[in-house]
Every structure is written in C-alpha cells, then in structure tokens.
Amino acid sequence: MKSGTKLPDVTFHTRVRDEAIEGPNPFRWEDKTTADYFAGKRVILFSLPGAFTPTCSTYQLPGFENGYAEFKEKGIDEIYCMSVNDSFVMNKWAKDQGLENVKVIPDGSGEFTRKMGMLVDKDNLGFGMRSWRYAAIVNDGVVEAWFEEPGLMDNCPEDPYGVSSPDNLKKHLDEANEPALA
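Numbering (full-length UniProt numbering), first residue to last: 1 to 182.
Do not take every clue at face value.
What the hints assert, rightly or not - Derived DEER-like restraints, expressed as beta-carbon distance ranges:
{"no.": "1", "residue 1": "41", "residue 2": "158", "range": "27 to 35 Å"}
{"no.": "2", "residue 1": "171", "residue 2": "103", "range": "18 to 26 Å"}
{"no.": "3", "residue 1": "25", "residue 2": "144", "range": "35 to 43 Å"}
{"no.": "4", "residue 1": "121", "residue 2": "52", "range": "27 to 35 Å"}
{"no.": "5", "residue 1": "176", "residue 2": "101", "range": "33 to 41 Å"}
{"no.": "6", "residue 1": "92", "residue 2": "125", "range": "15 to 23 Å"}
{"no.": "7", "residue 1": "18", "residue 2": "151", "range": "38 to 46 Å"}
{"no.": "8", "residue 1": "88", "residue 2": "151", "range": "28 to 36 Å"}
{"no.": "9", "residue 1": "101", "residue 2": "172", "range": "16 to 24 Å"}
{"no.": "10", "residue 1": "63", "residue 2": "151", "range": "36 to 44 Å"}
{"no.": "11", "residue 1": "54", "residue 2": "20", "range": "32 to 40 Å"}
{"no.": "12", "residue 1": "88", "residue 2": "152", "range": "23 to 31 Å"}
Keep in mind the hints are simulated off the structure, nothing from the lab. Quick reminder that beta carbons are idealized off the backbone N, C-alpha and C, glycines included.
With the hints as extra help, turn the sequences into a complete structure.
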C-alpha cells in the first residue's frame, strides 16, 4: 500500500448501542461503509493482529487513546483501530480498554484487510487469518502516509512493533508540519 492509494470500498457489519432496545444486549446491527468512516476526514487508521492480544492491548491501542488530544492538535479528525475480529469482540475490547476517543472498526471477514494486501495467516499462533500490523494517515479516503511493520509474511515467528506506533506517527506529523528552511 502506497501513499496516494484510495482505500477499498467495503461494508463493515457493526453493532451499535440502541436505547430503544431493552434487555441485557441493547445493540442493533448497523452496516457502515468505507465512505462512512473516511469521507471528508483526515484520520489515523491502525490495524493489528487481534483484540485482547498483549502488544495491541498494552502499547498500541492505549498509546493512540492517550495521544488523542495531541493528534487532534496535529490535524487528525478521528483515530480508528481495526482488527480482523467481529463487532462483538471489538465492542467488548473497546469497553474493556475504557476507550473514549479511539473508535473500533470490526473487519470480521477480513475483506478490507485482504483488499489492503495485509491479510496474513497466523495459524502458528492459532489465530487463523489476521491483519498484519500497520498504520496509515488517511485523508478523505486516500492514504497520505503509510507505516507498515517489517517482515510481512504468513506465520511470522515475531510480532514486530514500532513503525506503526503512536510515537512514530506523531514524529511523522511533526516533521510534515515543520516549516521549510529557506
């Protein structure tokens, strides 16, 4: 995936809270498209191997959540976390993490991830098909900057993390916003 590439058109099957529904599960299905999430906004999208996994839950997601105000100051409208997990899992993880700023996008079937060229087999961990770890700055549905962890492959014995970290994206935004020297 390179800068200047338009994101694939996909429909995501989400579950949203609906106060009109009574009982222990007050949620309804709501389909959202790529355009619903990305049109007319400058966002950070980061994708990771799985909800509730160590690196994702300890560093990457909390880092973006805690850095939200700073990213807003740098011209970012929204921050989205995507994983090849269904909406039930993503919503529970968001609740578990106490998210107030980062929004989760469930790519349950992996369609978006596959079309991004980032779907990998993680059978070596018992995960099945999952996303390779990456992040992107996306402006109105077009990739502005791309941050992919090294070693993209099926059944990777490692879980590289650093290129797609919140700190690395902040650094990129700072450098992109520096005035040119005369």
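**Request:** Confirm or reject the claim that residue 63 and residue 151 have a C-beta distance inside 36 to 44 Å.
**Result:** violated, 21 Å
**Request:** Could you check the hint for me, namely that residue 41 and residue 158 are 27 to 35 Å apart, CB to CB?
**Result:** Because 33 Å falls inside the window, the suggested range holds.
**Message:** Is 33 to 41 Å respected by the C-beta to C-beta distance linking residue 176 and residue 101?
**Reply:** violated, 22 Å
**Message:** Within 32 to 40 Å: is that where the Cβ-Cβ distance between residue 54 and residue 20 falls?
**Reply:** holds, 38 Å
**Prompt:** Taking 27 to 35 Å as the hint, is the beta-carbon distance of residue 121 and residue 52 inside that range?
**Reply:** violated, 20 Å
**Prompt:** So the hint says 38 to 46 Å: do the beta-carbon atoms of residue 18 and residue 151 match that?
**Reply:** holds, 42 Å
**Message:** Can you tell me whether the CB distance of residue 92 to residue 125 sits inside 15 to 23 Å?
**Reply:** With a Cβ separation near 20 Å, residue 92 and residue 125 satisfy 15 to 23 Å, so the hint holds.
**Asked** Has the hinted range 35 to 43 Å been met by the Cβ atoms of residue 25 and residue 144?
**Response** The hinted range 35 to 43 Å holds for residue 25 and residue 144, with Cβ atoms some 38 Å apart.
**Prompt:** Is it true that residue 88 and residue 151 lie within 28 to 36 Å of each other by Cβ?
**Reply:** holds, 30 Å
**Message:** A range of 16 to 24 Å was offered for this pair. Does it hold for the Cβ distance of residue 101 and residue 172?
**Reply:** Once the Cβ atoms are compared, 19 Å apart, the range 16 to 24 Å for residue 172 and residue 101 holds.
**Asked** Okay, residue 88 versus residue 152 on CB: inside 23 to 31 Å?
**Response** 28 Å Cβ-Cβ, so the 23 to 31 Å window holds.
**Item:** Outcome for the supplied range 18 to 26 Å, where the beta carbon pair is residue 171 and residue 103
**Value:** The hinted range 18 to 26 Å holds for residue 171 and residue 103, with Cβ atoms some 23 Å apart.
Comparing the model with each earlier hint shows violations of hints 4, 5 and 10; every other hint is respected.
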